[in-house]
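Top line first, the protein sequences correspond to chains A and B. Under my numbering, the first residue of the first sequence is numbered -8, with each subsequent residue one higher. Under my numbering, the first residue of the second sequence is numbered 9, with each subsequent residue one higher.
Rather than coming from a laboratory, the hints here were simulated on the basis of the structure. For each residue, glycine too, the CB sits at the ideal point set by N, CA and C. Nothing false has been slipped in among the hints.
Covered by chain B, per the in silico footprint, the following chain A stretches (three or more residues, Cβ under 8 Å):
id, segment
1, 177 to 184
2, 445 to 452
Going by beta-carbon spacing under 10 Å, a handful of chain B positions derived as facing chain A:
id, residue
3, I13
4, N15
5, F146
6, P153
7, P154
Next come the chains, spelled out residue by residue.
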Amino acid sequence: MLFNSIDFAIFLPIVFLLYWFVTNKSLKLQNLLIVVASYLFYGWWDWRFLSLILFSTLVDYYIGVRLAKEEITSKRKVLLWISILINLGFLGFFKYYNFFLDNFITAFSFFGTPINAQGLNIILPVGISFYTFQTLSYTIDVYKKKLEPTKDFIAFTAFVSFFPQLVAGPIERATNLLPQFYKKRNFDYSKAVVGLRQILWGLFKKVVIADNSAQIANEIFNNSAGYSGSTLVLGAIFFTFQIYGDFSGYSDIAIGTSRLFDFNLKQNFAFPYFSRDIAEFWRRWHISLSTWFRDYLYIPLGGSRGGTWMKVRNTFAIFIVSGFWHGANWTFIFWGGLNALYFLPLLLLKKNRVNTDTVARGKHLPSFKEFYQIGITFSLTVLAWIFFRAENIEHALSYLSTILSKSIFSIPHFLGMRMALTTLILISIFIVVEWLGRDEQFAIENISVKWGKPYRWTFYLIIIFLIIIFGGKQQEFIYFQF
Amino acid sequence: MKKFISNSTCFILIFITLFLLVISYNFFLIKTTNVDIAVSKKILILGDSNSECAINDSIYKSSINLSASADSYFYSYLKLKKVMNTNEIDTLLLSFSPHNIFNNGGQFNDSYIYSRFKVYYPLMDENDFRFLIKNNPFAVFKSTPPIIKVTLENSVKVILNKPIHYGKFNLLNRNILIEVQEKLKNGKKLPFFEILEKLIISKHEIEYLNKIVSFCKKEKIKLFLVNTPKRKELLEYPKYGVMEFNKFYDLNYSDIVYLDFSQLKMSNDFYGDFVHLNMKGSTYFSNLLKNEGLAKLTRKYKRTVE
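Required output: the full structure, derived from the provided sequences and hints.
As C-alpha cells, then:
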C-alpha cells in the first residue's frame, strides 16, 4: 500500500480508530492490531512475501530467546551467525543472486572460460533491506547484551512489521522501538497534531516535489543521448530533488503516522542539502542507515582509530557496502566509492566534525562562506547522484562526458519544459520553507503553530490544495526497490 | 482524544465543503460555457485516436474534429450532446473499428477513468454518472481530486477567453511501422495499440453506440460509421477480428452507413503505425474526404451486407 494513495487514506483512519477506541484497554490487543494492520498493509502489495517476514520474525525471536539462556560464548556466536546468515541469505538471494551470477559469468568469460548459466526471474520483496537490517540489529544487540531479549512474541512481531516504517524505514533500532511496544501508549493531542503536520509535509515532498521532478528526471535520463550538457545538468538536479522529496517525504509520513499511535521514530533526514561539507551531509542523509552501518560495521572494523590505512579501508568499506545495500548494480557501488572519496580528505585532515550545528542558526541567511560551502557540497552530491540514477556505469560516464562537453553552455531544451519551469518554482518555494524550518525535525513543525486557528487551518488547506493541484503523476517510492 | 476527533472532523468537513464548492463551480462553468463551432462547419468527427489522427479539419474545412485518443463511445456521446446544445451540425462521422467494439471493459480501468472523469464529468447527466459509478465507483471517487486542477485551468481559459477543448485533430509525427510489424510478427506487445486475447463484444460500448444512434435519429443528424485506413498486416491478423466485426455490423447496424476505408491503398510512409495515419496519411485522407464528398464516397466505400 502506498502512503500517497486513497487506499492508505482509508486504511489509516480505520486502524487509528480501532487502535484508540476498540483495542485501547489491552496492550496485547493493541500490539496484535498493529501486527494485523501491518501484515494487511504489506500484503496489499503481495501477500506471498508475508511468509518471508514471518519467517525472519520467527528466526530472530527464537534466536533471541536462545541467546538469553546461552552463556557459552562460542555457542552464542553460532546463534548470532545463524541469524546473520539466514537474514543476509534471504537478502542475498532476492536482491543479489542475479548480480553475482552475471558478474561471475562475465569474469569467467574474460579469462577465456565461458560458462552457461541462466539467471532467475526473481521479484524483489518490497522493504526486505529495511526489515532485515532492523531484525539484525535486534539479534546483534541481544548478542552484545545491550538489550534484553523479548519474551513477548506479539510485541516482537509488531516491532519487525510495524507498518509505518516497514517498507522504507527509518530503520529503527530494537533498543529504541521494541521497548515502546511493552509500555502502555497514551493518546497525546499535541503529538498527534505534530504527527498529522509531518504527514502533510511528507505528502507535499513526495507528491509535489518528488513526483514532478521524477517526470522530468526520467525524461532526461532515459533520453540522455539526445540532450545537451546543460539539459543533463538540469536532469541531475531534478533527480537530486526527486530522491530527497521521495525518501525524506516517506520518512516524514512514517514518523508522523507513528506519532498518531504514540510511537517515536528517529529523525531520518535533517535538511541534508544545507550541509556545508560531505561529512555533515552524511550525518543528515538517511540517518538511520548511516548510523546502522557506523555501529554495526564501521566501529567493529576499527572506525577512525588506527593508522591512515585503516581509516581509508574502513571509510571505503562503509561507503561501498552502503552503496551496495541500495541495489545490485555497479552504479550503486560506484556512488558509494565516490562518496568515500569525497569524505576521506575531511577524515584524514580531521575536519569531518567541523560542521555539527545547524547552518546559520538564528540568522535569516547564510554567510557568503556558508553559501559557498553549501553550493560546493550540493554540486558534489548532484554529481554523485548521476551514478545512482544511471542505468549502468557506461550510461553514467556518457552522461558525465556530455555534461563536460561544450553543449553545457547551450540553453537547456527538452520535452516538458513548461512543466520543468513550474516544478522549479515549486522547488524554490520548497527550499525557502525548508530553510525557515531547518532547526526543527521537519520544516513546518513550528510554522503556523502560534497562529490563530483560522490562519493555521488556512495554511494546512493551502498545502492540501497545492498537493492536489500540483501533484505529479503517482510514482512508487524509489526506496521501495531497495 | 475528544478534542482531536472534533477538530479533525471539523477540518475534514471544511475541506470537503471547499472541495465540493470547487467541483460545483467547475460543473456550472462548463455547463454555461458553449462549445462554439464555426457556422460553416456542419460535419462533426468523433471517436478515438484513429479518427483523431486521420482527419485534418483544416483541410476538410466543412468538418470539426473533436476526437481524442482512446475515447470510448461513452465520451463521444457526451461530446455530441454538448456540441448539439449550441451548434447546428447535420452530419456525424464516428470512428468505427473492431477495437471499438471488442473492448473488454477497458473504459472502466482506474487509470482510464482517472484521465477522463475530471474533464468530462460536467457533461454527464444522471444516467451517465450512474453508468460510470455502477461499473467502477472506486475509480470515480479516486478521480475527483484532479478536478481542482482542471477547475483552475478552465477558469484561466474562461478569463482569457480561450476555448475549452474536448479533442482535436492530432498531426502525428511518428513512424514506427517497421517496429510494430516486427512486434506483431513475433507476437510481442504493440505500442499505442493493444490486441486482446479474446474477442468479446463490449456491451458498454454498444450501449453508448446505441445512444449515439438514437440521438442522431432524434436530432436528424446523418450518421456515418467510419473505419479509417489500417495496415494490411493488422487486418489480416486473426485476433484483430475483422471478420467478426463485419458480421457484427451486418447483423446489428446495417441500416447505418458504414464507410470502410480500412483497405484504402496507401503507401507505407503514410502510416505512423498500424492504425494511425501520420502527417502524410492524414493529408491524403482528408483531401480525399474533401474532394470526393460523402455522397460519392458512400457509393464507393459503403459496406454492403453480405
